[in-house]
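**Q** For reference, the chains in residue letters:
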Amino acid sequence: MAARRPKSPEPVTMTVNGQAVTLDRPPMVRLLDVLREDLHLTGTKEGCGEGECGACTVLLDGEPVCSCLVPLAQARGCEVLTIEGVPADHPVKRAFVEEGAAQCGMCTPGMIMAALSLSARPSLDAVRTGLAGNLCRCTGYEAIYRAVLKAAAGHGGAT
Amino acid sequence: MRTALSRLTLHEPRTLASALKLMRSGGPSGPLVPIAGCTDVYVQLQFGALPASAYLDLSRLAPLRKIRMHGDVLVIGALATFADIIGSRLVRRALPMLVAASREIGGPQIQNRGTIGGNVANGSPAGDSLPVLAAAEATVVLANADGERRVPFSGFYTGYRKSVLKPDELIIAIEIPVVEGVQWFRKVGTRAAQAISKVVMAAVRSSHPRIALGSVAPTVVRLPRTEAALASGAGIAEAQGVLREEIQPIDDMRSTAAYRLQVSANLLEAFWEATA
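Chains as they are written, first to last, in the working numbering: chain R, 3 to 161; chain F, 4 to 279.
Chain R with its partners taken away, still in its complex shape (with noise of 0.2 angstroms):
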């Protein structure tokens, strides 16, 4: 016998960039989807919907993750940090501006918000290894590696 369908799920309350929201939204539904179309969050990008480009990096509970993967149900009870989140004059917001490591913009949210899950004082090779998720087909990288090393020197760390 077939399981019961699910009792309607409960609405989904998460925080995002820091204010508790509450989204009564199927549970199946994308994260990226929600903050792009239901919170109006759209810093936050969809380049390939598969995982393998990173545009739509957020950081979930502090952990940088893909959210065109994520099913709104498991954000529950989550902190999402999304690129509206992050300061205008936070230095590696700053820092992508001066060298500039942006071109047409579609990468760049989410080379930041993978940036800033990097460790204090990264090294060239820590970087590319934490980016190493984030696809960019226009600076060809180094600009962006100079702006996340440049952020880091000058402020004790990525973050």
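Not one of these hints is a red herring.
Quick list of the computed label-pair ranges, beta carbon to beta carbon:
(1) Ala273(F) with Cys140(R): 32 to 38 angstroms
(2) Ala234(F) with Cys106(R): 54 to 60 angstroms
(3) Arg130(R) with Ala273(F): 21 to 27 angstroms
Read the hints as simulated data drawn from the structure, not as lab findings. Note that the structure is predicted; figures quoted are calculated from it, not measured. Beta carbons: idealized from backbone N, C-alpha and C, even for Gly.
Could you slot chain F onto chain R? The hints should help.
**A** This is chain F only, laid out in the frame that chain R set:
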């Protein structure tokens, strides 16, 4: 076309017992599909390749995420992520080739979410942790509402993406006995991160060498004849000859049979030299 995600239902059990009960009952039109890190499932949903409408979320079953020693057996909970494995002192000590493999699975975003149980359940012939489990002679621990059973990893897969897993069963852990000898792992793909392997090898150097290859057959394979040749003292060229007879890789979108055969032979030599 992408699956309409808003029409899918999801069970969210809090205990393994209730998860197993739900798995036994199944969904309205077939078995429930268990989900955890979703790094494979959401790719399939993106391509509309998963017909199921009812899913079961394992991610709240915290006890299944533990990595521990049981006597001298390393027990990795099915929900342990690749990031958990990379960070585990126990795995680094007992099974360093699994740490090496985990570092090359996807990128940080995928390592933070993808689980070892999911890699085994997905059963891709290119799954990067699978040659490690084959070379380590792991055991897969399965559970359903009736209880647990243990299946040797060598007997887990029955064909391309087919296994002995029953529709009501969950993979709950992977057990790894002591591995004697020097472990070695190498993945060959187009890029260090995010790329699916063209050939992937895990191997152990001891008096009875073990060699496992991914992406060269419908399932991960061990190479018993090549292993026997090396154990009997054959030179590397002779062993490479045996390997060339033992595997029949195919041409596909990621590589060619000829390339895979050559690279597999090269990897055998690289393994043998690195562990001499």
